[in-house]
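In terms of this note's numbering, the sequence shown is residues 34 to 134.
FYI, nobody ran anything at the bench for these hints, they're computed from the structure. Hints may contain errors.
Claimed, not checked - When the alpha-carbon atoms are kept at most 27 Å apart in a straight line, the in silico DSSO-like pairs for lysine-lysine are as follows:
1. K96 x K133
2. K127 x K96
3. K116 x K80
4. K69 x K116
5. K127 x K71
6. K133 x K78
7. K71 x K96
8. K133 x K80
9. K127 x K69
10. K78 x K96
11. K78 x K116
12. K80 x K127
13. K116 x K71
14. K116 x K133
15. K78 x K127
16. K133 x K69
17. K133 x K71
18. K127 x K116
19. K96 x K69
20. K96 x K116
21. K80 x K69
22. K96 x K80
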Amino acid sequence: MTTRATTSFASTAVLALALGSALAMAAAPAAAADDKEKCFGVAMKAKNDCAAGAGTTCAGTAKMDYQANAWKYVPAGTCETMKSPTSPTGMGQKMAFTAKM
Numbered sequence: 034m035t036t037r038a039t040t041s042f043a044s045t046a047v048l049a050l051a052l053g054s055a056l057a058m059a060a061a062p063a064a065a066a067d068d069k070e071k072c073f074g075v076a077m078k079a080k081n082d083c084a085a086g087a088g089t090t091c092a093g094t095a096k097m098d099y100q101a102n103a104w105k106y107v108p109a110g111t112c113e114t115m116k117s118p119t120s121p122t123g124m125g126q127k128m129a130f131t132a133k134m
């Protein structure tokens, strides 16, 4: 093999490994999300998982504990068993809600 061919082969191999790793990493969160659910009203201030509604633009932007439109991922089946003082039921909700006063 010439130096040029060796370099080309090595570059192709590195690119293939990088793409394979990226695809594997992209698939992992989808699998992890299957055993989790969004739960509104249980995130602590600045600990929400993503943009949720008015006043939240990205993860970590909840302005108060138990904000009604801020959510975080929790293990599937546990949302409605988690404490949420702002929720009408006093527990986490699977959809955004209007906070009780």
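Checklist entry - Can you give the numbers of the hints that this structure goes against, from lowest to highest? => result Structure breaks no hint.
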